[in-house]
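**Student:** Input sequences plus hints: build the corresponding full structure.
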Amino acid sequence: MTPSSASTKAPAKKKKAAKKPKGPKVIKVPEHTVEIVSDSGEGAQRCGQIFGRVSAKMGNGTWTVEIIPAEIQPPARTPPSASGNRIRIGTKPVTNWGDAANLVMAFNEQVLLHRHRLGALSDGCIILIESMWETHEDEDIRKEWAAAMEELDGHNYKFVKVPMEEQCLTVVENPRRGKNMFVLGMLCWIYSRDVERVRHQIAHDFRKKSKEVVDANIALLNLGYEWAEKNLDFRVEVPIEKPDKPMVVMNGNQAIAIGAIASGMELCAMYPITPATSASHYLSDIFEDYGGIVHQAEDEIAAAGTAIGASYAGKVAFTITSGPGMALKTEFLGLAVMTEMPLVVVNVQRGGPSTGLPTKVEQADLLAAIFGQPGDAPHVVMAPATMEECFICMTTARRIAEAFRTVVIVLTDANLATGVQPFARPEVTAEWIAHPLDLSPVPEGTLPYDWDPKTGLSKRVIPGQPGGMYTLTGLAHDENSKVAYQPDINQRGHEMRSRKLAVLQQTLQPPEVYGPGKGDLLVVGWGSTQGAIEEAVDRARNEGLSVSSLHLRFLSPLEPGLKEIFKRFKKVLTIEIGYSDDKDAPFVTDENRRRGQLTWLLRAHTLVDIDCWGRVPGEPLRPAVILETIRGFMPNGDK
Amino acid sequence: MTPSSASTKAPAKKKKAAKKPKGPKVIKVPEHTVEIVSDSGEGAQRCGQIFGRVSAKMGNGTWTVEIIPAEIQPPARTPPSASGNRIRIGTKPVTNWGDAANLVMAFNEQVLLHRHRLGALSDGCIILIESMWETHEDEDIRKEWAAAMEELDGHNYKFVKVPMEEQCLTVVENPRRGKNMFVLGMLCWIYSRDVERVRHQIAHDFRKKSKEVVDANIALLNLGYEWAEKNLDFRVEVPIEKPDKPMVVMNGNQAIAIGAIASGMELCAMYPITPATSASHYLSDIFEDYGGIVHQAEDEIAAAGTAIGASYAGKVAFTITSGPGMALKTEFLGLAVMTEMPLVVVNVQRGGPSTGLPTKVEQADLLAAIFGQPGDAPHVVMAPATMEECFICMTTARRIAEAFRTVVIVLTDANLATGVQPFARPEVTAEWIAHPLDLSPVPEGTLPYDWDPKTGLSKRVIPGQPGGMYTLTGLAHDENSKVAYQPDINQRGHEMRSRKLAVLQQTLQPPEVYGPGKGDLLVVGWGSTQGAIEEAVDRARNEGLSVSSLHLRFLSPLEPGLKEIFKRFKKVLTIEIGYSDDKDAPFVTDENRRRGQLTWLLRAHTLVDIDCWGRVPGEPLRPAVILETIRGFMPNGDK
Amino acid sequence: MIQFGGGCSLLGVGTDDDRSWSMQDYEGAIARWCPGCGDHAVLTAVQRLLEDEQLPPEETVFVSGIGCSSRFPHYMKTYGFHGLHGRALPVATGVKLRRPELNVFAVMGDGDCCSIGGGHWIHTTRYNPNIVAIMLDNGVYGLTKNQTSPTSPQGLKSNTAPRGAYLAGMNPISTTISVTNASFVAQTGDWLPDHIYATLKKALDHKGFSFVRILQRCPAYTDNLFADAMRDPNRVELLLHPSGISVPDLEQIYKNHTYHDPADRVNAHRLAEEDGKFRLGLFYQNEDAPVYEEVRSVPRKTAEEKLEILNRELDRHAV
Amino acid sequence: MIQFGGGCSLLGVGTDDDRSWSMQDYEGAIARWCPGCGDHAVLTAVQRLLEDEQLPPEETVFVSGIGCSSRFPHYMKTYGFHGLHGRALPVATGVKLRRPELNVFAVMGDGDCCSIGGGHWIHTTRYNPNIVAIMLDNGVYGLTKNQTSPTSPQGLKSNTAPRGAYLAGMNPISTTISVTNASFVAQTGDWLPDHIYATLKKALDHKGFSFVRILQRCPAYTDNLFADAMRDPNRVELLLHPSGISVPDLEQIYKNHTYHDPADRVNAHRLAEEDGKFRLGLFYQNEDAPVYEEVRSVPRKTAEEKLEILNRELDRHAV
Ligand SMILES: Cc1ncc(C[n+]2csc(CCOP(=O)(O)OP(=O)(O)O)c2C)c(N)n1
Ligand SMILES: Cc1ncc(C[n+]2csc(CCOP(=O)(O)OP(=O)(O)O)c2C)c(N)n1
Ligand code: SF4
Ligand code: SF4
Ligand SMILES: [Mg+2]
Ligand SMILES: [Mg+2]
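Chains as they are written, first to last, in our numbering: chain A, 1 to 639; chain B, 1 to 639; chain C, 1 to 319; chain D, 1 to 319.
Calculated from the structure, these hints are not laboratory results.
Please note that the accuracy of each hint is not assured.
[As the list claims (entries may be wrong)] Counterexamples of contact, computed for chain B against chain C with all Cβ distances above 10 angstroms: (1) Ile27; (2) Arg117; (3) Thr471; (4) Glu495; (5) Asn542; (6) Arg631.
[To be verified] Dumping the calculated DSBU-like pairs for lysine-lysine here, alpha-carbon to alpha-carbon at most 30 angstroms: (7) D:Lys277 / C:Lys301; (8) B:Lys28 / B:Lys245; (9) D:Lys277 / A:Lys482; (10) A:Lys209 / C:Lys301; (11) B:Lys563 / A:Lys563; (12) A:Lys208 / C:Lys157; (13) B:Lys459 / A:Lys570; (14) D:Lys157 / C:Lys207; (15) A:Lys571 / B:Lys571; (16) A:Lys567 / B:Lys28; (17) A:Lys143 / B:Lys482; (18) B:Lys563 / A:Lys570; (19) A:Lys208 / C:Lys145; (20) A:Lys563 / A:Lys583; (21) A:Lys92 / A:Lys28; (22) A:Lys567 / B:Lys158; (23) A:Lys571 / B:Lys570; (24) A:Lys583 / A:Lys571; (25) B:Lys454 / A:Lys583; (26) B:Lys25 / B:Lys242; (27) B:Lys518 / B:Lys570; (28) B:Lys563 / A:Lys571; (29) A:Lys567 / B:Lys570; (30) A:Lys28 / A:Lys209; (31) C:Lys145 / B:Lys482; (32) D:Lys277 / D:Lys145; (33) B:Lys28 / B:Lys209; (34) D:Lys207 / C:Lys157.
Every residue gets a Cβ at the ideal spot worked out from N, C-alpha and C, and that includes glycine.
**Tutor:** Here it is in structure tokens:
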């Protein structure tokens, strides 16, 4: 059946059954963005995840983002109920979720409406939608359908009505549980996905379920595939360029989990919290067999304490949480810094403040991570920008924690946590995972804080080492870990702890500017926004704008050379998924304006008059929005 | 007996008993600094407190600072055991503890040594010391005495040996409990204190003890007075200028406590922690009779929660704590900001990080107070600089909390908390303490967050008000307090909460420069350091240096006009009791230097290249040390 | 420093008392729990109770933490405080302490109350404020999608214990009883609406901290947790006593009756700790335990009296 | 991103075992508690025990919180962790979980353990790691100078309760017993060195979480808290049983003997909650409760095996 423009009357006329088309027309594109939306509970997410993983495994550039409702169980057929997944695939690597969908699989018109209202659908978007509602026996539903179609009119959306339920009923009695596989089958035909891989993925995802369940799902998959083949007159081809090196596909939380194992850490103490928990779910599954432990503590305070106890007694341990949990760990982080305890803390940022938007992305824990602990508590804060870096940074974090006897906070976010992306398969070496405990005797009187007066570095002593007995304390102490209140001793301890950051900073490389090293505008970001920012910068440059961008990975200490880089641009603008006052808002002056967190940090650091743009939409930034912002902030721009 | 220079042999020669002098010579000075030091447990603190309060009540300018040992029960007759009080009195108001003591009452030579080593004694200091140790039967003690005298030699200290124990034994059998009153008696004679007032103060301080105890103490007081009269040949006169207005004398924690009552707050939920607890001790004593409650919760988290619950249900409540407790309240502070809950939080800062120096002064919780909460959590942070401001700011804090529906954090410190100073008796009015709850009905559908779109201000609804029922939540919400995840609603909530700070900032006055409004160097400080900084600035100007100072009371939002003020000086320097890297330390560069917390804030705020000097001695800064620093940092200086 | 005038002009206005409320008057937003979630039944029972007791909505406050169960206040049309995970009780205590006249309910989940909120649970039991505390115990972390909770039975598979819970589930009833000043400890099940109602009524009538554990089905993750009890009446045991909780009809269905005097603390421990049966009813009640807001009640002074005290205090410090 | 090489070159080296330790070998810094403080006696008893058991100092860890009592590790010459107020148990659990071979002791105060540490106390009891937990209960906040603690008896005056404690003191023994997996709960008094010794020895021999409450005098603030018990042997009651704690000499002085089988949980509750006497001895022991570090023990794999697993995992995600 041919996609047709929506109109209030037109749909009503259309026939439900479809005629066999004569050979599909193939839409060949370098990239395409698909959304699958259903009522929550209908499984659009599962469908999207499989489609995303398989696309990535076949070699398409891929980036997925989950669409999550606010309520536990929102009412069916209402906009707030929209649940699902966006999958952006391309011939080249894909680094972000893009702007708007080119094709949507909608389980009903209300969830479709939700996406439409959020501007998630591109002009001319192809929409395959469950057709049963249009002719539903319930008149209200038919009215809702009509109203929706009216609202959706005028955007050149191409509608294809699909009798999903009707079809599924030929295989299962509860289609609500099966539609998602039927839809997956359709997608497989449209995008020519490797159905064998898909069957494997399904088998794996349902491995804990009965064979019947698996078979039913496969049957629905096939049904969807065949239906599409019979009834659709178009296919989409996103050419695949097989990557030259071996690749892996996973989401950021999985990368954190496997990265933690690769780093040689063997204990993760945590307390469940969205969106961090899935990393520990994954670890719980595979860690024990490997020799590791996931300890679910009674709360985040205990989790931090248990991780610290484990680090104190042996290998560096880690804890993983999100905003509210970070808040509770504050006191223990101070202790870890004071006692120079190696510790890795992963904060998968979500929308704040307080409970905020538990399932949504935000980058507003930056300053709390750096400055949140009472007293002067120098420690390291780093932020991966991709799924691959989620993996790598765990090893880096553990090594820094160990070498510098300090706390390393890793800031990721909900976008990285749940998004799936392929990346080069990392090399794992035995070096760090081997790393046995050093329990060799130390000379009597070995100092527990044998500070190198220049670097502040020292080698720690571990319980079990004869001769090394000492009592660690969070009180001010001397190099012998003896409680001491003398002014000079307290000053010295502060110096030694702070010095380590200066030393670490000197081992860092200046970050690389994306684009020309000088120009009109430099956009600075950190964390998961890199892909969207760089895509926007590319487009801006194609428009002839003189824009480059810079992405930071170390926030404490900051990477070197920033001021020099900033000076080479007429204007510097930070872009964050975090709140900042707009400069033209009522009562807001240049003096009282509350700027973005990164902005604040960089202004203090470089004294450059950095401007900022921040939003808290609870979703990743779209390249088009960033491009719009760039246009507005160009030194010659109107803003 | 005549004060005599110490020397290793000389003392041994001296006779213990003393001959009646012929009429004392009177040393008339505009100010004098006294220290009383004993082994902890010998009561030098009590003695000093009474001497300080009485001096203040008689009309002398006064500032006291407690000398507190690190250990619970340090070994007697060792330097770490030194416990006591420094009292600086003057004809004019005294604003800080000064540099070094002019007269010391030492219960043994070891505690004296401790003070000497910390540079707490002025050249030529008069030292009245217990003489029993010199001739003690225990040879080791005699040796220690001799060694101490040797170390103390060469500083023109004037020694007067006093047979304290011998004398006290004529009145009580355990002099260890009485010496302090004997010493107090001596001080009364030396400084011509009003003995009647002293007796009253003693009676009050021991009101919970038996009459015998009180009488014994009075007897010892008289004995000391008479002994001094008989045996000393000098007195010190610090002329008194009777203040024209009624005055009160109290320490900062008492000022916070009475200030809280005057502000109309009626519930204080707390968990004990040094140095904040004494405020709640005081409140516990007087609050109930007044109709208020001090709730000692099971921990700081519960204390914050109970205060928030009380605020939610009625009048603004407050909680009081110190560093480690602040850390634990972090999550609840985020909730209070998110739900726009009026709440006052007092943080009596102590040495950090972690448990740090529990009894000592530091100013390093500034950034944690402002930025410590995950997510964007705009709230107010203010810092009193004197005992008087401790009182006033509680009313201000409560009013801001109420009018702006926000959290107000008040940062004081151990120096203000335990120091005693006289100040003009505050006017208390019924207006705020009257303030009954408004339980009048509100129209159905009244919005719980009826934000003024410009100011973000709204009037809160309180349980008991018919028609106002709503459910408060820490999740993202609309003006109806309904959970909402739409991008625009989350953005709006952030804007409204942030806007309030812009509005508040516009009601603030620019701070006044102390000294000329322009010049070479501007010293910027906040909190308890004001007195010491301004005294140092005065001295510097007397040396002809072009120096002024500025003291900040609002840290979030910052007071207006700072940049303009800074621009009028060649150089701006922050001085804080907090750690910052010295610029010439190994590995420290201008780029990686970790600057003081106020410095960070002001650099980001003004983009002025502000320099900083910070130390963490665990004691207040001395004017002389600040003067030295000023000299070093003069734009033309060598630093 | 700046001084702030203003604030709202406030006159204490009473409310007319010739009003009455129907069940609908207590209904807030539409409940968004999963179909078949046990929380629905509790919500209904509570609304029924409030109607029968005619509690003025504006004088009733539901405080909760974070979790599926903690969404409860949103579904009531009273005042509500949906706060922080694990922290419902300190907030509820603050409300009650300053506004004893309000009817205060605290609704918590098992993780909320027994895990992260453990310390508050113990201490609020000891403070014994006059609050009805409802713990909706589904033996799992629901909102965060299936992690082990302290009350998860040993072996229960979850996302954080894929091989099954490592430890035996804890016993909230026995631990609550063990706390000094514990004054009311009862247990009921979400599939017995009348028993929920009778239990909550008893809890509301009790003056003090009424701890009610409700065995709650979570079709999403622990659908079968109480299947035995629901399938086989023989697995259930009713605690009966003149001063206990009684639902005559149920006593016909559930034939295992244990006569237990709620005043008998030691026997309450025994019944709470003895395995094998789902025991429903009143385990322990002590009407003499001091109630916190009464122990801490203070005189309400006039502004003038307060000023006087304040000035007297300042006099003590006067020069 | 930068990569860090290095770290220290590490070879697991054993320790020669023909060493022996005298009491002095366990003595750290000189104890700085007040003269007459009950903590001194406990310190001595512990040092005696370690000597008799010949625990290698380097394989022994004392973890504490913050408080007078928590200074304990500084006075031992073993490894020590003087951490945060109320948080000794999570840290101790972390140590034991990864280093089961270490002897781990946790020393806490009453505020430390029962107030701010309440949640950890309950949950660590349930995890049941093989740790000796010593609560030094002086019924007051000592280090912060005299505030009311959860175990302060009603009416005890303190700086935060100048008119006397508002509530009855809580009962740590009964509450600990009530927790699922509780495995060892005993009480002793600081004025009975031999009883402390016998109790701690029993606790050390027990495999699991041994909770020992030591009634501790604080001459500074609660000097008379146990005066009755010390003055009048009749106020004391010894819990005796073949499998309990026995100090024959004391049994002559203290004539009140109660025969109590530590396996009898219900009777343990009764004895713990019955007022009137200071009961010393073993209230409850269950040697079958699963021990956390054993429940959670995992295979120790070689680097090669680990690499293999890691690569297998990566394979699952391979393109
Ligand atoms: C400080 C903090 N930690 C963790 C979370 C995440 N979280 C939300 S609800 C919940 C537990 C839910 O389980 P339960 O309390 O039993 O309530 P239920 O959903 O089962 O009704 C957790 C861990 C949070 N919101 N805040
Ligand atoms: C988070 C935190 N809150 C409060 C304090 C202050 N504090 C130190 S020790 C202590 C209580 C001491 O009482 P207890 O635990 O009974 O030990 P004791 O001194 O009596 O042995 C308190 C409240 C702290 N150090 N940290
Ligand atoms: S997840 Fe479980 S507890 Fe939560 S709403 Fe659904 S059924 Fe109820
Ligand atoms: S204050 Fe009490 S507990 Fe602390 S050391 Fe002194 S006597 Fe012991
Ligand atoms: Mg639950
Ligand atoms: Mg104690």
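**Student:** Can we trust that Ile27 (chain B) is non-interface, i.e. its beta-carbon lies farther than 10 angstroms from all of chain C?
**Tutor:** Consistent with the label, Ile27 (chain B) stays out of reach of chain C, its closest Cβ about 25 angstroms off (over 10 angstroms).
**Student:** Please verify whether Lys567 (chain A) and Lys158 (chain B) have alpha carbons no more than 30 angstroms apart.
**Tutor:** 62 angstroms, violated
**Student:** Given the hint that Lys571 (chain A) pairs with Lys570 (chain B), does the C-alpha gap stay at or below 30 angstroms?
**Tutor:** 27 angstroms, holds
**Student:** Given the hint that Lys571 (chain A) pairs with Lys571 (chain B), test it: the Cα-Cα distance must not exceed 30 angstroms.
**Tutor:** 26 angstroms, holds
**Student:** Within a Cα-Cα threshold of 30 angstroms, do Lys28 (chain A) and Lys209 (chain A) meet the stated pairing?
**Tutor:** 38 angstroms, violated
**Student:** Please work out if Lys567 (chain A) and Lys28 (chain B) have their alpha carbons no farther apart than 30 angstroms.
**Tutor:** With Cα atoms ~62 angstroms apart, Lys567 (chain A) and Lys28 (chain B) exceed 30 angstroms; violated.
**Student:** Are Lys208 (chain A) and Lys145 (chain C) close enough, with their CA atoms no more than 30 angstroms apart?
**Tutor:** 17 angstroms, holds
**Student:** Take a quick look at whether Lys563 (chain B) and Lys570 (chain A) sit within 30 angstroms of each other, Cα to Cα.
**Tutor:** Judged against 30 angstroms, a Cα distance of about 22 angstroms means the pair holds.
**Student:** Verify the proposed pairing of Lys277 (chain D) with Lys482 (chain A), using a straight-line Cα cut of 30 angstroms.
**Tutor:** 41 angstroms, violated
**Student:** Beyond 10 angstroms from every chain C Cβ: check whether that's true for Asn542 (chain B).
**Tutor:** 29 angstroms, holds
**Student:** Hint check: Lys583 (chain A) vs Lys571 (chain A), CA-CA at most 30 angstroms. Holds or violated?
**Tutor:** Between Lys583 (chain A) and Lys571 (chain A) the Cα gap is close to 16 angstroms, so the pair holds against 30 angstroms.
**Student:** Hey, Lys209 (chain A) versus Lys301 (chain C), does the alpha-carbon distance stay inside 30 angstroms?
**Tutor:** 68 angstroms, violated
The structure fails hints 3, 7, 9, 10, 13, 16, 22, 30 and 33 (numbered hints given earlier, in ascending order).
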